[in-house]
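Peer 1: Once you've looked at the hints, dock chain B against the given chain A.
These are the residues of each chain, in order.
There are 2 protein chains.
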Amino acid sequence: MRVKCIRGIVLVALLVVAGVGAYAQNSKAADAIRAADQQWEKAAAASDLAKTVSFCQPDGSVLPPNAPIATGTAAIRQMFAGYFALPKVSISWTAVTAEAAKSGDLGYSRGTYRFSFNDASGKPVVDTGKYVTVWHKQADGSWKVVADIFNSDLPAK
Amino acid sequence: MRVKCIRGIVLVALLVVAGVGAYAQNSKAADAIRAADQQWEKAAAASDLAKTVSFCQPDGSVLPPNAPIATGTAAIRQMFAGYFALPKVSISWTAVTAEAAKSGDLGYSRGTYRFSFNDASGKPVVDTGKYVTVWHKQADGSWKVVADIFNSDLPAK
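These protein sequences, in sequence, are chains A and B.
Our numbering puts the first residue of the first sequence at 530, with every later residue one more than the last.
Our numbering puts the first residue of the second sequence at 530, with every later residue one more than the last.
Isolated chain A, as found in the complex (with noise of 0.2 Å):
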């Protein structure tokens, strides 16, 4: 029993260790997030425009590959609008992990997308990338987007 309990002592030591180590940050914030990410790609899956675009602070960015920066609700409105309007388009991502800092007012999201449409001759396009987004806590409790940016993982054609 004595030696059961001095293991599990060693584990949980070493676990709050790696922790430390590997995120020493706000893991009730960085929840937050994970779920304010997971909410937001329901958002986009869905093509909700106006949703989508809610998740982002009125002075945020989104940074697009090949086009240019769009920063404020009205550019990033134009841009989800550009994607939602192409035929069969399907998004969707997942987040790989989630991480804030101490204070809890800032932290960022990394993961995984894929995007697919039909292009002009109706042949499927399919991408497949990665993304990062920051996230700022907004004076309410909740999260919004500060600054997200996206890449393909495939290689340029």
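Worth flagging that the hints you see were computed from the coordinates, not collected in a lab.
Quick caveat, the model's predicted, so the values are computed rather than measured.
Be careful, since some hints might not be right.
Identical chains blur together in the list; that is why a pair holds if it fits in one copy or across any two.
[Unchecked claim] Restricting the straight-line Cα-Cα distance to at most 27 Å, the calculated cross-link-like pairs of lysine-lysine (DSSO-like) are:
(1) LYS557 / LYS580
(2) LYS580 / LYS617
(3) LYS557 / LYS571
(4) LYS673 / LYS652
Peer 2: Frame of chain A; chain B shown alone:
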């Protein structure tokens, strides 16, 4: 004189309010992130592989376009070595913004880059784009990259 003082106080108050609204974070840590971003840029601009890699956490990730994520020192070194080996390579970037959490342990920089090299036929290839870098403050007070991602502003070919 009194009017000048009042003007000064009002100006400072407005700047504080604007600062709190836009960036309710730690400006000292944000300055340190901006400085680290500049130092990292100098190392990359000089194609100094060891120094460039040293700015990344041992478990950090660089997410280059049109390639898989590079996580950990060995993968990050291999990625930068590939860029630095390009003929007549030139890499530069400038931070547009830098922010840090109130706790001063996590933050990010966002900016623009210019990247050029000569292709196999000796023809110059020039790319311009944008990036987001997430930084962690280390135990020794230095800042290191936990995630760096970038993409082109130019239309896909």
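Peer 1: Take the hints in turn and mark each one as holding or not.
Peer 2: We went through each hint and held it up to the structure:
{"no.": "1", "hint": "LYS557 / LYS580", "verdict": "within (24 Å within a copy, 35 Å between copies)"}
{"no.": "2", "hint": "LYS580 / LYS617", "verdict": "within (20 Å within a copy, 46 Å between copies)"}
{"no.": "3", "hint": "LYS557 / LYS571", "verdict": "within (21 Å within a copy, 37 Å between copies)"}
{"no.": "4", "hint": "LYS673 / LYS652", "verdict": "neither (35 Å within a copy, 43 Å between copies)"}
Hint violations for this structure: number 4 only, all remaining hints satisfied.
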